[in-house]
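Could you build all of it, start to finish, from the sequences and the hints given here?
Number of protein chains: 2
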Amino acid sequence: MEKKISKAVISRLPRYYRYLSDLMEENVDRISSNDLAKRMRVTASQIRQDLNIFGGFGQQGYGYNVAYLQGEIGKLLGVNRQNNVIIVGAGHLGQALANYQNFSKRGFVVQALFDIDPAVIGRTIHGAPVYSLDYLEEYVSKNRVDIATLTIPRDNAVEVARLLVKNGIKAIWNFAHTDLQVDDSVIVENVHLSESLMQLSYRILAAKEEKAHKEERAELRKRNTEKGRGERTVS
Amino acid sequence: MEKKISKAVISRLPRYYRYLSDLMEENVDRISSNDLAKRMRVTASQIRQDLNIFGGFGQQGYGYNVAYLQGEIGKLLGVNRQNNVIIVGAGHLGQALANYQNFSKRGFVVQALFDIDPAVIGRTIHGAPVYSLDYLEEYVSKNRVDIATLTIPRDNAVEVARLLVKNGIKAIWNFAHTDLQVDDSVIVENVHLSESLMQLSYRILAAKEEKAHKEERAELRKRNTEKGRGERTVS
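Protein sequences appear in the order of chains A and B. Oh and the first sequence: position 178 is 187 in my numbering, straight run, nothing missing. Oh and the second sequence: position 116 is 125 in my numbering, straight run, nothing missing.
Simulated from the structure, these hints should not be mistaken for laboratory data. Owing to the predicted nature of the structure, the values given are computational and were not obtained by experimental measurement. Any given hint might turn out to be false.
It does not matter which identical chain is meant; a pair holds if it fits inside one copy or across any two.
What the hints assert, rightly or not - Heads up, simulated DSBU-like pairs for lysine-lysine below, C-alpha to C-alpha not over 30 Å straight-line:
#	residue 1	residue 2
1	Lys151	Lys223
2	Lys223	Lys175
3	Lys179	Lys13
4	Lys16	Lys220
5	Lys16	Lys47
6	Lys151	Lys236
7	Lys236	Lys175
8	Lys179	Lys47
9	Lys114	Lys217
Given below as structure tokens:
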């Protein structure tokens, strides 16, 4: 694992992990790069290249050992070891994340939520207590927190992020629609839902335009052909 | 707008749109590429290159017209024109999305939600009714729906996606943790939260390893220096 793994490969590892986990649930022990490629809709050579970085996982003509490969990728992704997670913002999105079974199954355990709303403070969500935001600083300084999730409005996000970092938080999963201004040593993973939705909207527009262009060109070709015929008749 | 815009640039446009919208709220009329670069923490040359694709937005030594640029990018992203959105799955995540003010502000209007849970069917969320999933097919065939959002468990997602596509849906915003098996002409934008969390976890581990390596190397250097001194004393 000493080799530097490229960002592109890393971004694809969770997807491999998902497909390999599915195969395990289907009791598949081994899979060839060709079969895996078909399932994942990528090329077999991409798979061989990506998984080659681990060295020696696949065996020529024999396929990959599914459980072993899933385990190794899981280790690399930090799945299986417990990650203590807190969620700052116990609104709909925060509660959705706290309730997400998949996370705890993969070692991401929500230990506490924080909010300013008296209506949710004191409640328990999927086993985790909701505390007042006032208690955040004390909680973080006293407990091991691996990941702080921000599901609060953007206006407060920058300030809360600073408070978290001041108290030793090293990784932030940020759903607030802003770029946190924190030290480069802090790892920030952004999920900007608005931006994802805009990308989708862009692609819808672009597809519509392309369709319109195609129809226009087809219409033009048709007219030119008719015109050509007309001219032939005259001459 | 006839030029093909690269995928990389497109992926950056929503972020430009966000920063330009912020500037408008701050009543900033013009901004130089250098100032925008500082705010966005990217290079000025990247900004000039990205925005150059629109042609003639910036003026040398004069800066970008913020409102104009925001408007043009917004048009390109399909913001401002109304997109009718439905949400299939009115659980926590579906409700979080339905309640997200930012979406409707940008023209993405949630018209209806669908669920199988009698506890939510018949309710209204942020003005949108929650219907039974049984009504989905009829609703989609009778109403203009631009974007169908899937916030249901992965087991049902593939089947629901097929139903939607069969009834004319051309764009799916997919939060279900699976790859939808739909025709290539259907636009699918995936938000795989588990995968984002695993990326974060990978980066935490990688940072820890790098730190450990650094400390090891420093320790080794220290020992070698001491050893070197020791040998000199002996000789």
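### Task
Return the numbers of the hints above that this structure violates; sort them in rising order.
6, 7
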